[in-house]
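Make a model of the complete structure from these sequences and hints.
These protein sequence lines are chains A and B, in that order.
When we follow the working numbering, the leftmost residue of the first sequence carries the number 1, and every step to the right adds one.
When we follow the working numbering, the leftmost residue of the second sequence carries the number 1, and every step to the right adds one.
These are calculated hints, taken from the structure and not from any lab test.
Check each hint, because a few of them may be wrong.
As the list claims (entries may be wrong) - Listing some non-contacts, in silico: residues in chain B with all C-beta distances to chain A over 12 Å:
(1) T16
(2) D86
(3) N135
Stated by the list, open to error - Within a straight-line C-alpha distance of at most 25 Å, the following computed SDA-like cross-link-like pairs (lysine to any residue) qualify:
(4) K199(A) <-> Q90(A)
(5) K82(B) <-> E78(A)
(6) K24(A) <-> H99(B)
(7) K82(B) <-> E75(A)
(8) K82(B) <-> I59(A)
(9) K24(A) <-> W93(B)
(10) K88(A) <-> G87(B)
(11) K88(A) <-> F88(B)
(12) K111(A) <-> P205(A)
(13) K97(A) <-> Y149(A)
(14) K116(A) <-> Q204(A)
(15) K147(A) <-> W69(A)
(16) K51(B) <-> K147(A)
(17) K51(B) <-> N61(A)
(18) K24(A) <-> T94(B)
(19) K74(B) <-> Q4(B)
(20) K24(A) <-> C50(B)
(21) K199(A) <-> G164(A)
(22) K74(B) <-> S98(B)
(23) K97(A) <-> D152(A)
(24) K111(A) <-> Q93(A)
(25) K24(A) <-> P89(B)
(26) K116(A) <-> Q92(A)
(27) K24(A) <-> K74(B)
(28) K24(A) <-> H136(B)
(29) K82(B) <-> G181(A)
(30) K24(A) <-> S97(B)
To be verified - Pulled a few chain B residues facing chain A out of the computed Cβ check, cut under 7 Å:
(31) I42
(32) L130
(33) L131
Quick reminder that beta carbons are idealized off the backbone N, C-alpha and C, glycines included.
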Amino acid sequence: MILEPALPFEINHNWNRTRSVYTKIISQYQQGFFANTTQSLPDYHAVGADLGQYGRLSISNDLTQGTEWYIWSGEFLEMTLPFAQPLKQQIQQAGLKFCNFAYFQHQTSIKQHVDKKAPEEQNDPSDPQANQCNLNFVISCDDHDSKSYWQDHDDTHVYPSHAGQAWLLDSSRPHWVDNSGLREIFQIRFHDNYHTVHKYFQNQPISFTC
Amino acid sequence: MLTQIDLDFRIGHHATGLGLAISTDEKLVYQSHSLMIDQLSIRLQVHLPCKILFEVVGRHEHDTVIDHQGCILKDKFIEFSKLSLDGFPIETWTIPSSHLHFSGDPTVSNKNFWSRNGQAQLVLDEPDPLLWILNHPTVLGVA
Numbered sequence: 001m002i003l004e005p006a007l008p009f010e011i012n013h014n015w016n017r018t019r020s021v022y023t024k025i026i027s028q029y030q031q032g033f034f035a036n037t038t039q040s041l042p043d044y045h046a047v048g049a050d051l052g053q054y055g056r057l058s059i060s061n062d063l064t065q066g067t068e069w070y071i072w073s074g075e076f077l078e079m080t081l082p083f084a085q086p087l088k089q090q091i092q093q094a095g096l097k098f099c100n101f102a103y104f105q106h107q108t109s110i111k112q113h114v115d116k117k118a119p120e121e122q123n124d125p126s127d128p129q130a131n132q133c134n135l136n137f138v139i140s141c142d143d144h145d146s147k148s149y150w151q152d153h154d155d156t157h158v159y160p161s162h163a164g165q166a167w168l169l170d171s172s173r174p175h176w177v178d179n180s181g182l183r184e185i186f187q188i189r190f191h192d193n194y195h196t197v198h199k200y201f202q203n204q205p206i207s208f209t210c
Numbered sequence: 001m002l003t004q005i006d007l008d009f010r011i012g013h014h015a016t017g018l019g020l021a022i023s024t025d026e027k028l029v030y031q032s033h034s035l036m037i038d039q040l041s042i043r044l045q046v047h048l049p050c051k052i053l054f055e056v057v058g059r060h061e062h063d064t065v066i067d068h069q070g071c072i073l074k075d076k077f078i079e080f081s082k083l084s085l086d087g088f089p090i091e092t093w094t095i096p097s098s099h100l101h102f103s104g105d106p107t108v109s110n111k112n113f114w115s116r117n118g119q120a121q122l123v124l125d126e127p128d129p130l131l132w133i134l135n136h137p138t139v140l141g142v143a
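Structure, rendered in structure tokens:
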């Protein structure tokens, strides 16, 4: 087991606005206001709701013990994040392939899975899910023993969920979370391999206060 | 919450005299006694929730000039065409009547087309503009 070190990545921000808009969007989705729901890709474990200019929700329940896990991304999310544009700019100027920002909450463990790229995003026929990784910034976590894992061939990497810290995981590899209680994540999704992104953040500490 | 509000208007004019005053929470923020331009754009920084009051003045019956067949040749009007909240654009016709109401002419159903003297009120009754948008399905574009 390899204990994954936290990245030098810091965001000091009041997340209440993001939380309240996230809650409202889910409520409107549950009331049927966003009917444009797409079917999941094979083994994707989620359906997607296109919210138009309000973003996108990815909804899964088979990875989270039957409870619904909503992952929100898009322009409305970025409007609640004053650091979104400069952070995106910094990432893109470094030559990294920024995919999106996402915000989510969940209350349970997350079963082992591999993130699926849409067919048009796949660029390695021998490994369609290659070249993707996620930076997970822990906003809050009720479970002090919460742990995230990802498997890299024979090694299993593990990191805790300490609020205010960020870790990188290779989402093209099997990964899962042991957790009980509210866990809240700000995520940056990349279409680069883990090592490229990890090297960048190790050499480029990031700090935003807003 | 401090919010940037952009208001866009289309103006119908052919002589002096059409006036517009805009107040936020009873404080006058814009006034013209004679609009002689085709487009008017106004940017405000306002704390939400708030009410924005528009007052149209100086419009007379004879300002609508028609030909012998009754077709309008010239007219004076103000059309409130677009509202943007923190840069997020909303077409005003999607705003529900409960939140955008014009008192000038009850026979005119188009609440953002003002061709009479009167007052229009825009009610932004949420502290967060994003929640205001989400709370109105027509604004949201899903109703």
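Hints, verified against the model:
1. T16: holds, 40 Å
2. D86: violated, 6 Å
3. N135: About 8 Å separates N135(B) from the closest Cβ of chain A, which leaves it inside 12 Å; violated.
4. K199(A) <-> Q90(A): OK: K199(A) and Q90(A) at ~15 Å, within 25 Å.
5. K82(B) <-> E78(A): holds, 22 Å
6. K24(A) <-> H99(B): Status holds; Cα separation ~20 Å.
7. K82(B) <-> E75(A): holds, 19 Å
8. K82(B) <-> I59(A): violated, 33 Å
9. K24(A) <-> W93(B): OK: K24(A) and W93(B) at ~23 Å, within 25 Å.
10. K88(A) <-> G87(B): Given that 25 Å is the threshold and the Cα spacing comes to 19 Å, the pair holds.
11. K88(A) <-> F88(B): At roughly 19 Å apart (the allowed maximum being 25 Å), F88(B) and K88(A) satisfy the hint.
12. K111(A) <-> P205(A): violated, 31 Å
13. K97(A) <-> Y149(A): holds, 24 Å
14. K116(A) <-> Q204(A): Given pair K116(A), Q204(A) is violated - Cα atoms ~28 Å apart, limit 25 Å.
15. K147(A) <-> W69(A): holds, 18 Å
16. K51(B) <-> K147(A): violated, 48 Å
17. K51(B) <-> N61(A): violated, 42 Å
18. K24(A) <-> T94(B): holds, 20 Å
19. K74(B) <-> Q4(B): Violated, because 34 Å separates the two Cα atoms, which is more than 25 Å.
20. K24(A) <-> C50(B): Measuring from Cα to Cα gives roughly 21 Å; hence the hint holds.
21. K199(A) <-> G164(A): holds, 20 Å
22. K74(B) <-> S98(B): violated, 31 Å
23. K97(A) <-> D152(A): holds, 22 Å
24. K111(A) <-> Q93(A): At roughly 35 Å apart (the allowed maximum being 25 Å), Q93(A) and K111(A) break the hint.
25. K24(A) <-> P89(B): holds, 20 Å
26. K116(A) <-> Q92(A): Satisfied, since the Cα-Cα distance of roughly 22 Å is no more than 25 Å.
27. K24(A) <-> K74(B): violated, 46 Å
28. K24(A) <-> H136(B): The given pair, whose Cα atoms are some 12 Å apart, holds under the 25 Å limit.
29. K82(B) <-> G181(A): violated, 44 Å
30. K24(A) <-> S97(B): holds, 22 Å
31. I42: violated, 21 Å
32. L130: holds, 5 Å
33. L131: Holds. Min distance 6 Å.
In this structure, the hints that do not hold are numbers 2, 3, 8, 12, 14, 16, 17, 19, 22, 24, 27, 29, 31, in rising order.
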